[in-house]
Amino acid sequence: MMKFKFKIKINPTRGFSTKINQDSFTNTPQSILSLTQRQLHKQPNHPIGILKSLIENSLPGYKHLTAPSPIVSTYKNFDQLEFPIDHPGRSLSDSYYLNKDTILRTHTSAHECDVFKSNTNKWLLTADVYRRDEIDSSHYPVFHQMEGACVWDDSNQNVESSIQDELNALHNSLTQSNIITHDETTLNNPNNPFQVSQRPSVAELTVKHLKLTLNLLVYNLFANIHHQHSSQPLQIRWIEAYFPWTGPSYELEVLWDGKWLELLGCGVMQQRTLQRADMPHKSGWAFGLGLERIAMVLFGIPDIRLFWSLDSRFLEQFEQGKITKFVPYSKYPPCIKDVSFWVDKPFHENDLYEIIREISQDLVESVECIDNFTHPKTNRHSLCYRINYRSMDKNLTNEQANEMHARIVHQLTQSFDIEIR
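Residue 187 in the working numbering sits at position 131 of the sequence shown; the count goes up by one each step and never skips.
Hints in this document: simulated from the structure, not taken from any laboratory.
Errors might be hidden in some of the hints.
Restraint ranges, calculated between C-beta atoms of paired labels, are given here [stated by the list, open to error]:
{"no.": "1", "residue 1": "G145", "residue 2": "K315", "range": "44 to 50 Å"}
{"no.": "2", "residue 1": "I476", "residue 2": "G314", "range": "21 to 27 Å"}
{"no.": "3", "residue 1": "I426", "residue 2": "G314", "range": "39 to 45 Å"}
{"no.": "4", "residue 1": "T469", "residue 2": "L243", "range": "29 to 35 Å"}
{"no.": "5", "residue 1": "E375", "residue 2": "W316", "range": "48 to 54 Å"}
{"no.": "6", "residue 1": "Q331", "residue 2": "E216", "range": "17 to 23 Å"}
{"no.": "7", "residue 1": "Q373", "residue 2": "I295", "range": "51 to 57 Å"}
{"no.": "8", "residue 1": "Q470", "residue 2": "S125", "range": "43 to 49 Å"}
{"no.": "9", "residue 1": "Q291", "residue 2": "D400", "range": "17 to 23 Å"}
{"no.": "10", "residue 1": "H431", "residue 2": "W316", "range": "16 to 22 Å"}
{"no.": "11", "residue 1": "Y385", "residue 2": "N435", "range": "23 to 29 Å"}
In the DSSO-like style, the derived pairs of lysine-lysine whose C-alpha atoms are separated by at most 30 Å in a straight line are [stated by the list, open to error]:
{"no.": "12", "residue 1": "K381", "residue 2": "K401"}
{"no.": "13", "residue 1": "K119", "residue 2": "K178"}
{"no.": "14", "residue 1": "K178", "residue 2": "K264"}
{"no.": "15", "residue 1": "K132", "residue 2": "K264"}
{"no.": "16", "residue 1": "K173", "residue 2": "K132"}
{"no.": "17", "residue 1": "K173", "residue 2": "K315"}
{"no.": "18", "residue 1": "K98", "residue 2": "K401"}
{"no.": "19", "residue 1": "K178", "residue 2": "K156"}
{"no.": "20", "residue 1": "K393", "residue 2": "K378"}
{"no.": "21", "residue 1": "K401", "residue 2": "K450"}
{"no.": "22", "residue 1": "K378", "residue 2": "K433"}
{"no.": "23", "residue 1": "K315", "residue 2": "K381"}
{"no.": "24", "residue 1": "K315", "residue 2": "K433"}
Glycine is no exception: its CB is placed at the ideal position from the N, C-alpha and C atoms.
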């Protein structure tokens, strides 16, 4: 596992601690820490900020929240949300640890209990989140999530009639919409059951409220663009899912350009989470979505790195409150380099991606394993990775790519037990 030395630059508005002690879990490079200052979701003329506001405007009555520092405890990020101890999200290969007990949040749910403790029943919370991942046009180690939740008081004898009143209003809004909903789920499915601690009648109403609310949200986001190109109804689909923090759980997809596109995950809140938030008498639902995934579709942005561009040719194309199609301002040629090596001790690919990201500083468009070979006589294992160097904003010369590639190859040999071929 690679080790990174880092310094926290104090920013009181983000609540950074002045003391974070490194240990064997530390795997966060300075390049990732520097991105914690950008806060794209707070920029009203940026695609991420524009989409955030459009979603908030589509759900009236929900309080709008922004998470504080992305540095949270592993307890808040995992334990209080019922993550199993062996869940892959806890691994060093998937998450950015500052030390054993401290992490860059991997999802907005890390703040869920704190929000509920504030006695807020309907809310939307947006934050930058951090995960180690592959390198391609749709993955980046920092992205933005929005989480929403709606809870009600189960001890109120009128709770079911109150939910039903809201269901009627939501249903009336959707009957006027040109939308087709495909629902492949079943209530209280044995493989996706209601929680035993909840009344089935309330759980059933909760699921219906969740689905109608999110059906309307997706319609408000996608319908105008869809109907510019098609007279057919917008189509969405519900499927069964699993998440540690909800049960039952679902995913919602939209049919876009002939393919089903996953938009969000959601479900009925785990009652244990509400109990930890000192709200044992309440129940409800929650959802989480990635803003980049939706923004790339709505704004026609082909490469996720563009969201982080400071080039005015990108930034000046967007305006608060409007969804406008991105117009490419240039397409610089790629410089493709391969690195091939014998592997004497296995490593996680995310560690390789981290080295490439740290050295290239967003000048690598994609990384792909193009050969996986075991020698028939020596039984040695060989891998070959193709690295596509391409800048979004300027021409990258072959000489510059060669220099960068040499540094990457050198760092790979220093970090892993490999032999360059």
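Right, here's what the structure says about each hint:
no.: 1; hint: G145 x K315: 44 to 50 Å; in the structure: 27 Å, violated
no.: 2; hint: I476 x G314: 21 to 27 Å; in the structure: 43 Å, violated
no.: 3; hint: I426 x G314: 39 to 45 Å; in the structure: 28 Å, violated
no.: 4; hint: T469 x L243: 29 to 35 Å; in the structure: 56 Å, violated
no.: 5; hint: E375 x W316: 48 to 54 Å; in the structure: 30 Å, violated
no.: 6; hint: Q331 x E216: 17 to 23 Å; in the structure: 21 Å, holds
no.: 7; hint: Q373 x I295: 51 to 57 Å; in the structure: 35 Å, violated
no.: 8; hint: Q470 x S125: 43 to 49 Å; in the structure: 32 Å, violated
no.: 9; hint: Q291 x D400: 17 to 23 Å; in the structure: 51 Å, violated
no.: 10; hint: H431 x W316: 16 to 22 Å; in the structure: 42 Å, violated
no.: 11; hint: Y385 x N435: 23 to 29 Å; in the structure: 51 Å, violated
no.: 12; hint: K381 x K401; in the structure: 46 Å, violated
no.: 13; hint: K119 x K178; in the structure: 6 Å, holds
no.: 14; hint: K178 x K264; in the structure: 16 Å, holds
no.: 15; hint: K132 x K264; in the structure: 29 Å, holds
no.: 16; hint: K173 x K132; in the structure: 13 Å, holds
no.: 17; hint: K173 x K315; in the structure: 40 Å, violated
no.: 18; hint: K98 x K401; in the structure: 44 Å, violated
no.: 19; hint: K178 x K156; in the structure: 33 Å, violated
no.: 20; hint: K393 x K378; in the structure: 40 Å, violated
no.: 21; hint: K401 x K450; in the structure: 38 Å, violated
no.: 22; hint: K378 x K433; in the structure: 62 Å, violated
no.: 23; hint: K315 x K381; in the structure: 20 Å, holds
no.: 24; hint: K315 x K433; in the structure: 45 Å, violated
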